[in-house]
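Chemist: Using the sequences and the hints given, assemble the complete structure.
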Amino acid sequence: MLKKTGAQTVLMREPVSIISAAAITGPQEGQGPLSRYFDRSTEDMQLGCKSWEQAESRYVEDCIKLAIQKSGLLDTEIDCILAGDLLNQSIGTTFGVRELNRPFMGLFGACSTFGLAMALGAMLVDGGFYQHVVASASSHFCAAEKQFRFPMEFGSQRPPTSTWTVTGNGAVVLSREAKGRFPRVTAYTAGKIVDLGVNDASNMGAAMAPSAADTLIAHFKDTGRAPEYYDLIITGDLGHVGGELAVSIVREQGYCLKNYSDCGIEIFNRETQDTHAGGSGCACSAVTFSGYLYNCLTEKRMNKILFMPTGALLSTTSSQQGETIPGICHAIAIENEVDS
Amino acid sequence: MMNNSNLSKDRFLKMVDKASPNSHIFTNCLKAFVVGGLICVFGQLLSVWYLSLTGDKDMAGTLTSVSIILIAALITGIGKFDNLAKFAGAGAVVPISGFANSVAAPAVEFKKEGFIFGVGAKMFVIAGPVLVYGLAASVLTGIIYYFAKL
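Protein chains in written order, with the working numbering: chain A, 41 to 380; chain B, 15 to 164.
Rather than coming from a laboratory, the hints here were simulated on the basis of the structure.
Note that this is a predicted model, so its numbers are computed, not measured.
Even for Gly, the Cβ is constructed at its ideal location relative to N, Cα and C.
Any given hint could be a false lead.
[To be verified] Once the Cα atoms are required to be at most 20 Å apart in a straight line, the calculated EDC-like pairs of lysine to aspartate or glutamate come out as: (1) B:K28 to A:E284; (2) A:K340 to A:E377; (3) A:K105 to A:D79; (4) A:K261 to A:E375; (5) B:K94 to A:E185; (6) A:K44 to A:D262; (7) B:K94 to A:D84; (8) B:K28 to A:D240; (9) B:K28 to A:D235; (10) B:K126 to A:D84; (11) B:K23 to A:D314; (12) B:K23 to A:D235; (13) B:K23 to A:D240; (14) A:K340 to A:E306; (15) B:K136 to A:E185; (16) A:K298 to A:E268; (17) A:K344 to A:E375; (18) B:K28 to A:E292; (19) B:K126 to A:E185; (20) B:K125 to A:E185; (21) A:K298 to A:E311; (22) A:K110 to A:E139; (23) B:K32 to A:E284; (24) B:K45 to A:E268; (25) A:K105 to A:E139; (26) B:K100 to A:D314; (27) B:K23 to A:E311; (28) A:K219 to A:D119; (29) B:K32 to A:D235; (30) B:K28 to A:E363; (31) B:K100 to A:E311; (32) B:K94 to A:D314.
[Said to hold, decoys possible] If you only want the chain A side, here are some residues facing chain B, beta carbon under 10 Å, derived: (33) E185; (34) F190; (35) A218; (36) T226; (37) A258; (38) G282.
Modeler: Here it is in structure tokens:
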């Protein structure tokens, strides 16, 4: 029987539990409002490595190992690792996974990668292909600046709409055989690429806002759920500018979001941390989920979350060629099993 | 083709303009004026000093430029120039200190890719266009000047 419902959504039929989560971040995130939810925040961003790229891989390796260790499983019980990052050819991920000796599927969804990994992992588990899957994503402030903007020491000013790439890695273990009660992935609304003509790479929140709104409206239509169904609807890295825009677009379609936030807004303190419009990068949603949101679910402070990592699918080449910025957003419903 | 929100590009771009905060132009200009001015005062003092040492005006000017380039490259090397530029903006970038930074910063950043394809190839990645069009403009001006004088 087909598990797809409506135009873009699939419903999981089997209990796909998130049996563990781990988040390791850089220093900036460690000074932010969510610091106590992270497993570890490093003191510097180089981690004794020769390059920023190697440091990113270190975050990946350490975090995936930690997530597996926290799940109580052996490394060999992990059927597959689904992961990705922002660097060219996903080297942050591949070099981090290199020593783990597990089957690996590399993904690219820009900053939505963690959502993509969780959703595909959940479908693989639900479909009965695998028992235990790791979903993971990383980004690194310095490596991203080097690749997408300017060298670290170059003197420039960031516009107020710009966001701050989160350093770190978030990873979860998805499983079909949970011993105990864990938050479950129950539905996934796959996003479409939406591009409403924003071409300012310093305003990626605005570029991605229409895709977030698009996926959210699709999710409501496909599932028949209203915004109130969820304790929290949280996008990945729209930040203050994009978050406001997404809420306005959705409101025009008759959905009033009272329980909305964005990982990029939650992760930094805008007033004291000089992060302008908020956090961004694959790790923004990955560490916010694996640290803070997973904790909210396991502590039962929230029972139903719609987690919506967003991605800006641009490259330096497309920007230089004057292309606009296509956005994408994947929505994943994560719920606690409620006592009946 | 319409997306789920039935929103047109034109209307969305107007919403973006409204939602996006602008830079603080006045305070940015003020900071740039003060810091840029101080850098220039420092350059003037150096120039006067070099002139008293050498007695040669051209030499004093050259030594001043070289000194500011050296200082800016050193500050870049110890990782402080970006903080200065973040505060002062054009005030730090427009004087020759900014040019020095734009060469030194990629040299530091891309050292990991080696001295040929890293430092050598990437050193002028930011300053390159300035050099190309600066030189082209000066050649063009020279030609116009030559014919205007005939």
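Chemist: For every hint, state whether the structure bears it out.
Modeler: How the hints compare with the structure:
1. Proximity of B:K28 to A:E284 is assessed by CA-CA distance (about 14 Å); at most 20 Å being required, the pair is judged to hold.
2. Taking the CA atoms of A:K340 and A:E377, the gap is about 10 Å. The hint holds against a cut of 20 Å.
3. Distance hint between A:K105 and A:D79 is fulfilled; the C-alpha atoms sit about 12 Å from each other, no more than 20 Å.
4. Taking the CA atoms of A:K261 and A:E375, the gap is about 19 Å. The hint holds against a cut of 20 Å.
5. The suggested pairing of B:K94 with A:E185 holds, with an alpha-carbon distance near 17 Å, which does not exceed 20 Å.
6. Taking the CA atoms of A:K44 and A:D262, the gap is near 9 Å; set against the 20 Å cutoff, the hint holds.
7. With a C-alpha separation of about 17 Å, the suggested pair B:K94 and A:D84 falls inside the 20 Å cut-off, and the hint holds.
8. With a C-alpha separation of about 14 Å, the suggested pairing of B:K28 with A:D240 holds against the 20 Å cut-off.
9. At most 20 Å may separate the alpha-carbon atoms for a hinted pair to count; B:K28 and A:D235 meet this at roughly 15 Å.
10. Straight-line distance between C-alpha atoms of B:K126 and A:D84 comes to about 18 Å, which keeps the hinted pair within the 20 Å bound.
11. Our distance criterion of 20 Å between C-alpha atoms is broken by B:K23 and A:D314, whose separation comes to about 31 Å.
12. The hinted pair formed by B:K23 and A:D235 meets the criterion: a straight-line CA distance of about 8 Å does not exceed 20 Å.
13. Among the hinted pairs, B:K23 with A:D240 is consistent with the structure: their alpha-carbon atoms are about 14 Å apart, no more than 20 Å.
14. For the given pair, A:K340 sits about 19 Å from A:E306 by alpha-carbon distance, which is consistent with the 20 Å threshold.
15. This hinted pair checks out: B:K136 and A:E185 have alpha carbons roughly 15 Å apart, not beyond 20 Å.
16. Between the alpha carbons of A:K298 and A:E268 the distance comes to roughly 8 Å, so the proposed pair stays at or under 20 Å and holds.
17. For the given pair, A:K344 sits about 4 Å from A:E375 by alpha-carbon distance, which is consistent with the 20 Å threshold.
18. Proposed proximity of B:K28 and A:E292 is supported: the alpha carbons are some 15 Å apart, at most 20 Å.
19. A distance of roughly 15 Å separates the Cα atoms of B:K126 and A:E185; the hinted pair therefore holds under the 20 Å criterion.
20. Under the criterion of a C-alpha separation no larger than 20 Å, the hint pairing B:K125 with A:E185 is consistent with the structure, at around 16 Å.
21. This hinted pair does not check out: A:K298 and A:E311 have alpha carbons roughly 23 Å apart, beyond 20 Å.
22. Taking the CA atoms of A:K110 and A:E139, the gap is about 19 Å. The hint holds against a cut of 20 Å.
23. Using a Cα cut-off of 20 Å, the hinted pair B:K32 and A:E284 holds, with the two alpha carbons roughly 11 Å apart.
24. Between B:K45 and A:E268, the direct Cα distance comes to roughly 48 Å. Violation of the 20 Å bound is thereby established for this hinted pair.
25. Annotation: proposed proximity of A:K105 to A:E139 holds, straight-line Cα distance about 11 Å (limit 20 Å).
26. Proximity of B:K100 to A:D314 is assessed by CA-CA distance (about 11 Å); at most 20 Å being required, the pair is judged to hold.
27. With a CA separation close to 32 Å, the supplied pair B:K23 and A:E311 exceeds the 20 Å bound.
28. Between the alpha carbons of A:K219 and A:D119 the distance comes to roughly 18 Å, so the proposed pair stays at or under 20 Å and holds.
29. Among the hinted pairs, B:K32 with A:D235 is consistent with the structure: their alpha-carbon atoms are about 18 Å apart, no more than 20 Å.
30. As the CA atoms of B:K28 and A:E363 are separated by approximately 19 Å, the hinted pair is consistent with the 20 Å bound.
31. This hinted pair checks out: B:K100 and A:E311 have alpha carbons roughly 17 Å apart, not beyond 20 Å.
32. Straight-line distance between C-alpha atoms of B:K94 and A:D314 comes to about 17 Å, which keeps the hinted pair within the 20 Å bound.
33. The criterion of a C-beta within 10 Å of any C-beta in chain B is met by A:E185, whose closest approach is roughly 9 Å, and the hint holds.
34. Hint status for A:F190 relative to chain B: holds, with the closest Cβ pair at about 7 Å, below 10 Å.
35. With a least beta-carbon distance of about 34 Å to chain B, the hint placing A:A218 at the interface is violated under the 10 Å criterion.
36. Against a cut-off of 10 Å between C-beta atoms, the interface hint on A:T226 is violated, since the closest Cβ of chain B lies about 21 Å away.
37. Annotation: interface hint on A:A258 holds; nearest CB of chain B at approximately 5 Å, less than 10 Å.
38. For A:G282, the interface hint holds, since its Cβ comes within 10 Å of a Cβ in chain B; the closest pair sits about 8 Å apart.
The earlier numbered hints that this structure contradicts are 11, 21, 24, 27, 35 and 36.
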